[in-house]
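Order-wise, the sequence lines are chains G and E.
Counted from 1, the first sequence has number 46 at position 46 by my numbering; the numbering is strictly sequential.
Counted from 1, the second sequence has number 60 at position 60 by my numbering; the numbering is strictly sequential.
Be aware that one or more of the hints could be misleading.
To spell it out: a stretch of chain G is covered by chain E in this simulated footprint if at least three of its residues, at any positions, have a beta carbon under 8 Å from a beta carbon of chain E; those stretches are [stated by the list, open to error]:
1) 21-29
2) 100-108
Under the rule of at most 25 Å between Cα atoms (straight-line distance), these lysine to any residue pairs were calculated in the SDA-like manner [as the list claims (entries may be wrong)]:
3) E:K144 to G:K44
4) E:K15 to G:T12
5) E:K15 to G:K5
6) G:K31 to E:I31
7) E:K55 to G:V17
8) G:K44 to E:I7
9) E:K155 to G:E6
10) E:K42 to G:L127
11) E:K57 to G:S22
12) G:K31 to E:K12
13) E:K55 to G:A23
14) E:K159 to G:A9
15) G:K44 to E:Q106
16) G:K5 to E:A141
17) E:K15 to G:E24
18) G:K5 to E:Q148
19) G:K31 to E:E13
20) E:K15 to G:K44
21) G:K5 to E:A142
22) E:K55 to G:S22
23) E:K62 to G:K5
24) E:K144 to G:E6
25) E:K155 to E:Q106
26) E:K57 to G:K5
27) G:K5 to E:K49
28) E:K62 to G:T12
Rather than coming from a laboratory, the hints here were simulated on the basis of the structure.
In this text, a Cβ means the ideal position worked out from N, Cα and C, and glycines have one as well.
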Amino acid sequence: MIQDKELDALLTTFQPVEPTDSAEFMSEFEKRLNAIDIALAYHKAEVQKAHKKAVWAFATGSVAGLILAIIALALPSPVELLAFSIHSRFMLTFLEYIPYIMMFFCATSITFGIIEYMNRKEDMEGLILELKQNS
Amino acid sequence: MTREQFINMVRKEQKGLRRFLLTLCGGDRMIADDIAQEALMKAYLALDKYDERQKAKLWLTKIAYNTFLNHHSQSVRHIFEDIDAAAMISSQYSSDESFRYQELLQAMSQLPDSERTTLILHYFEGYKVEEIAQITNCTDAAVKKRLQRGREELKRRIKL
């Protein structure tokens, strides 16, 4: 066991050695920083793309829904046309609401169709850019 | 703070930061530098939270310490297992002095993390009690207690 004074002397006089390879460390640091910047830029671009897609999906969904709603409302009621001898309450309800159900499926299909088209367009643009860069 | 300002800040503070981590990691330069790089990346990603009135060195040391703790919980304890690792940190001294310091470092490496970090920050890096409290996220009283406990433990372990 050592005394307080000796320990104080040891602790206060000791200075850990300074690293000497600062240039190497800084070069590695800047490499990693560049990689992070690239990842951040990519992430930002992806967020912007997703935002754009969401706006498009909302707009097309609204327009398609509106158009289909007008068409559905303008059609004669299928209950009158089809429910000749149906007594099932479920079937009658189903027939009553079939224009709206169809409208929902059509609007969803159109929206997803447009999103898929946009995705493919982006992929194609990426591919063309890659081919141009390679050539 | 811009990217360039951050790089300049790192250029200025990296030596102290690496020296602190090297002592904390028991002389393992590779792990210490890895933790330093990881901490600097975390600092870069958290630049918007940096208060310019705060000391850059203190802020970076706090991030480095937290990164060390994360790293430490996932891996084995860093101790000066051999005399060479301790010698690496005390290499600028004469062989006689170096031997005494190696014993000090080995004794320190056997202390609990909290006490070891407090002693390193206070004696080797020159931080005040309140600054250590900020870095290690505890009260001033806790820091004083850790210093006292650490010193007692060192006195018991070092046999010169």
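Each hint, compared with the structure:
1. For the stretch 21-29 of chain G, the assignment as covered by chain E holds, since 5 residues bring a beta-carbon within under 8 Å of that chain's beta-carbons and 3 suffice.
2. A count of 0 residues in the stretch 100-108 of chain G with a Cβ less than 8 Å from any Cβ of chain E is obtained; the coverage claim is therefore unmet, three being the minimum.
3. Proximity of E:K144 to G:K44 is assessed by CA-CA distance (about 46 Å); at most 25 Å being required, the pair is judged violated.
4. Annotation: proposed proximity of E:K15 to G:T12 holds, straight-line Cα distance about 20 Å (limit 25 Å).
5. At roughly 30 Å between alpha-carbon atoms, E:K15 and G:K5 are farther apart than 25 Å, so this suggested pair is violated.
6. At most 25 Å may separate the alpha-carbon atoms for a hinted pair to count; G:K31 and E:I31 meet this at roughly 18 Å.
7. About 23 Å separates the Cα atoms of E:K55 and G:V17, which keeps this hinted pair within 25 Å; it holds.
8. The straight-line distance between the Cα atoms of G:K44 and E:I7 is roughly 22 Å, inside the 25 Å bound, and the hint therefore holds.
9. A hinted pair counts as satisfied when its Cα atoms are at most 25 Å apart, and E:K155 with G:E6 qualifies at roughly 9 Å.
10. For the suggested pair E:K42 and G:L127, the alpha carbons sit about 34 Å apart, so the restraint of at most 25 Å is broken.
11. Of the pairs offered as hints, the one joining E:K57 and G:S22 holds, with about 17 Å between alpha carbons and a cut-off of 25 Å not exceeded.
12. Restraint check for G:K31 and E:K12: the C-alpha separation of about 18 Å stays at or below 25 Å, so the hint holds.
13. Between E:K55 and G:A23 the CA atoms are separated by roughly 24 Å; this keeps the pair inside 25 Å, and the hint holds.
14. Under the criterion of a C-alpha separation no larger than 25 Å, the hint pairing E:K159 with G:A9 is consistent with the structure, at around 14 Å.
15. Note on G:K44 and E:Q106: the hinted pairing is violated, with a Cα-Cα distance of about 48 Å set against a maximum of 25 Å.
16. In summary, the hint linking G:K5 to E:A141 is supported, as the alpha carbons are separated by about 23 Å, within the 25 Å threshold.
17. For the hint pairing E:K15 with G:E24, the CA-to-CA distance comes to about 12 Å; that is within 25 Å, so the pair holds.
18. Of the pairs offered as hints, the one joining G:K5 and E:Q148 holds, with about 14 Å between alpha carbons and a cut-off of 25 Å not exceeded.
19. Only pairs whose Cα atoms come within 25 Å are accepted, and G:K31 paired with E:E13 is accepted, the gap being roughly 18 Å.
20. Simply put, E:K15 and G:K44 have alpha-carbon atoms about 33 Å apart, too far for the 25 Å limit, and the pair is violated.
21. The suggested pairing of G:K5 with E:A142 holds, with an alpha-carbon distance near 23 Å, which does not exceed 25 Å.
22. Proximity of E:K55 to G:S22 is assessed by CA-CA distance (about 21 Å); at most 25 Å being required, the pair is judged to hold.
23. Proposed proximity of E:K62 and G:K5 is contradicted: the alpha carbons are some 30 Å apart, above 25 Å.
24. Distance restraint check for E:K144 and G:E6: the Cα-Cα separation of roughly 20 Å lies within the 25 Å cut-off, and the hinted pair is therefore satisfied.
25. Note on E:K155 and E:Q106: the hinted pairing holds, with a Cα-Cα distance of about 13 Å set against a maximum of 25 Å.
26. This hinted pair does not check out: E:K57 and G:K5 have alpha carbons roughly 30 Å apart, beyond 25 Å.
27. Annotation: proposed proximity of G:K5 to E:K49 is violated, straight-line Cα distance about 43 Å (limit 25 Å).
28. Distance hint between E:K62 and G:T12 is fulfilled; the C-alpha atoms sit about 22 Å from each other, no more than 25 Å.
In the structure shown, a violation is registered for the earlier hints numbered 2, 3, 5, 10, 15, 20, 23, 26 and 27, in ascending order.
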